[in-house]
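2 protein chains.
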Amino acid sequence: MGFVPTMGNLHRGHMSLVRLATERADRTVVSIFVNPTQFGEGEDLDDYPRTPRKDLRKLQEAGVDAAFLPAPREIYPDSFSTWVDVKGLTEGLCGRYRPGHFRGVTTVCAVLFGIVRPHFAVFGRKDAQQLAVIRRMTTDLRMGIEVVAGPLVREPDGLAISSRNGYLSPEQRRQAAAISRGLRRAAEMAAAGSRDAAALEGAVREAVAGQDKLRLQYVSLVDPETMEPMSMLDRTGLLAAAVYAGDTRLIDNVMIEPAPKRKNGR
Amino acid sequence: MGFVPTMGNLHRGHMSLVRLATERADRTVVSIFVNPTQFGEGEDLDDYPRTPRKDLRKLQEAGVDAAFLPAPREIYPDSFSTWVDVKGLTEGLCGRYRPGHFRGVTTVCAVLFGIVRPHFAVFGRKDAQQLAVIRRMTTDLRMGIEVVAGPLVREPDGLAISSRNGYLSPEQRRQAAAISRGLRRAAEMAAAGSRDAAALEGAVREAVAGQDKLRLQYVSLVDPETMEPMSMLDRTGLLAAAVYAGDTRLIDNVMIEPAPKRKNGR
Numbered sequence: 000m001g002f003v004p005t006m007g008n009l010h011r012g013h014m015s016l017v018r019l020a021t022e023r024a025d026r027t028v029v030s031i032f033v034n035p036t037q038f039g040e041g042e043d044l045d046d047y048p049r050t051p052r053k054d055l056r057k058l059q060e061a062g063v064d065a066a067f068l069p070a071p072r073e074i075y076p077d078s079f080s081t082w083v084d085v086k087g088l089t090e091g092l093c094g095r096y097r098p099g100h101f102r103g104v105t106t107v108c109a110v111l112f113g114i115v116r117p118h119f120a121v122f123g124r125k126d127a128q129q130l131a132v133i134r135r136m137t138t139d140l141r142m143g144i145e146v147v148a149g150p151l152v153r154e155p156d157g158l159a160i161s162s163r164n165g166y167l168s169p170e171q172r173r174q175a176a177a178i179s180r181g182l183r184r185a186a187e188m189a190a191a192g193s194r195d196a197a198a199l200e201g202a203v204r205e206a207v208a209g210q211d212k213l214r215l216q217y218v219s220l221v222d223p224e225t226m227e228p229m230s231m232l233d234r235t236g237l238l239a240a241a242v243y244a245g246d247t248r249l250i251d252n253v254m255i256e257p258a259p260k261r262k263n264g265r
Numbered sequence: 000m001g002f003v004p005t006m007g008n009l010h011r012g013h014m015s016l017v018r019l020a021t022e023r024a025d026r027t028v029v030s031i032f033v034n035p036t037q038f039g040e041g042e043d044l045d046d047y048p049r050t051p052r053k054d055l056r057k058l059q060e061a062g063v064d065a066a067f068l069p070a071p072r073e074i075y076p077d078s079f080s081t082w083v084d085v086k087g088l089t090e091g092l093c094g095r096y097r098p099g100h101f102r103g104v105t106t107v108c109a110v111l112f113g114i115v116r117p118h119f120a121v122f123g124r125k126d127a128q129q130l131a132v133i134r135r136m137t138t139d140l141r142m143g144i145e146v147v148a149g150p151l152v153r154e155p156d157g158l159a160i161s162s163r164n165g166y167l168s169p170e171q172r173r174q175a176a177a178i179s180r181g182l183r184r185a186a187e188m189a190a191a192g193s194r195d196a197a198a199l200e201g202a203v204r205e206a207v208a209g210q211d212k213l214r215l216q217y218v219s220l221v222d223p224e225t226m227e228p229m230s231m232l233d234r235t236g237l238l239a240a241a242v243y244a245g246d247t248r249l250i251d252n253v254m255i256e257p258a259p260k261r262k263n264g265r
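Heads up: the protein sequence lines correspond to chains A and B, in order.
Counting from 0, one number per residue, gives the positions in the first sequence under numbering that gives the first Met the number 0.
Counting from 0, one number per residue, gives the positions in the second sequence under numbering that gives the first Met the number 0.
One or more of the hints may lead you astray.
As the list makes no split between identical chains, a pair holds if one copy fits it or if it spans any two.
[To be verified] Simulated pairs of lysine to any residue, SDA-like, Cα-Cα distance not exceeding 25 angstroms:
no., residue 1, residue 2
1, K86, P69
2, K212, G103
3, K86, Y96
I should point out that these hints are in silico values taken from the structure, not numbers from a laboratory.
Turn these sequences into a full structure, and let the hints guide you.
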């Protein structure tokens with residue numbers, strides 16, 4: 000049985016994860032739960048878009064067998080006191096700017112996994128750090144649940160699809176495409192032989208700096224498994240960025256391969 | 000399938016838990032693992048008695064189907080980074096004096112439960128706080144594992160059986176019986192109508208104070224489920240104590256019932 004945990008407001012990104020699950024599994028369960036414990040103070044918990052009727056229609060059309068929409072009290076009864084925390088992996092990138100966020104994510108996933116008991120669970124590559132953190136948790140705690148990585152789906156101009164894109168003004172929305180342009184530029188530089196992390200990160204910095212409505216929070220080349228910073232692209236790297244457009248926080252990333260080393264005499 | 004997690008050096012206390020499991024289950028698994036993460040700095044991790052050959056013989060005689068003796072690296076590979084933490088319940092009693100202890104216990108139990116996947120797991124009542132903490136964890140994370148409470152087994156003079164009793168000098172061993180005498184006295188006082196927590200705790204204080212080789216670390220009347228202090232015995236309470244005999248830390252407890260209220264006219 001396959002499982003896709005979501006916060007609802009399902010878009011093409013989610014639906015690609017759902018498709019991945021339905022293709023692999025005899026039964027697919029999707030949860031819709033805006034998990035309060037993964038939102039920090041001042042974050043958008045109350046404003047987060049909730050569209051359960053639309054979501055359920057989409058899931059039904061996609062051939063999902065069960066949707067699980069628990070109330071917060073069902074996941075977190077008053078007596079709830081257990082937290083699952085992944086160290087190390089959660090300290091950089093988004094974890095640095097969203098203290099407690101990943102603890103909320105791992106805890107809710109542990110609870111949902113306990114209720115749903117899937118053979119595999121699908122997580123999107125847009126949330127690359129989350130994907131690595133959940134993989135670590137399921138491995139460490141021997142949960143016996145395979146973590147399947149789903150594709151990062153983009154709009155035609157390259158913007159990674161996210162429920163939070165709906166918060167953007169038309170001008171912010173237009174400028175937001177610069178994030179993926181910068182990431183793509185970095186991947187091209189790597190393909191052309193650039194291996195210096197600062198240079199690759201610089202491509203994103205530059206692309207974002209050119210847009211007056213965007214503000215870079217971080218861009219970092221890291222190991223895709225450990226999330227530890229890489230100074231040189233000597234193996235596959237994950238280039239990940241978080242950018243503010245007004246109050247809206249957008250994240251995006253790309254896997255970058257180093258260019259093959261030139262052979263002597265060529 | 001039933002599971003009894005232990006740290007080995009199996010004594011009559013452990014074997015009563017094993018018996019409880021074999022009586023209830025078609026298959027019984029016992030783990031022996033001196034879990035490094037539940038020992039604090041300066042505690043007895045290195046000195047903790049390890050008697051695997053004797054233990055295995057006892058388990059075989061008891062009809063156990065499988066013994067699991069993992070190496071520390073098997074439970075905690077280098078990449079291990081996930082911790083399970085129960086808040087609240089772990090803050091008083093032993094948790095106050097052994098920071099990180101219960102985090103180590105819950106984490107190793109989550110890992111062992113993931114590997115063994117039992118239907119139920121047996122924990123002794125001597126470690127009453129541990130029992131409550133593990134119950135909370137399995138409930139909160141919907142582990143689907145029943146936590147079965149096993150009896151607290153005592154020596155003829157009342158001392159709760161523990162691997163750490165082996166550390167005691169003959170004189171310490173003799174005096175150590177005062178702990179359970181104090182607890183028993185408190186239970187008698189309660190049966191006779193005493194409901195004041197301070198008075199009940201006082202019985203243990205007094206019994207221990209009378210022994211020059213013992214030093215009380217704590218004695219506290221708490222709710223058996225939440226471990227929150229009770230000032231009055233208005234329902235079933237857990238009277239729990241930790242006592243040092245030299246460098247050896249001993250714990251013991253007793254469940255105390257309030258005396259039935261007298262009817263009018265009697």
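Is it within, between, both or neither when you check K86 against P69 at 25 angstroms Cα-Cα?
For K86 and P69, only the inter-copy Cα distance (23 angstroms) is at most 25 angstroms; the intra-copy one is 28 angstroms.
When no copy is specified for K212 and G103, does a C-alpha distance of 25 angstroms or less occur within a copy, between copies, both, or neither?
neither (30 angstroms within a copy, 47 angstroms between copies)
Within a copy, between copies, both or neither: which one fits K86 and Y96 at a CA-CA cutoff of 25 angstroms?
both (15 angstroms within a copy, 24 angstroms between copies)
Violated hint: 2 only; the structure is consistent with all others.
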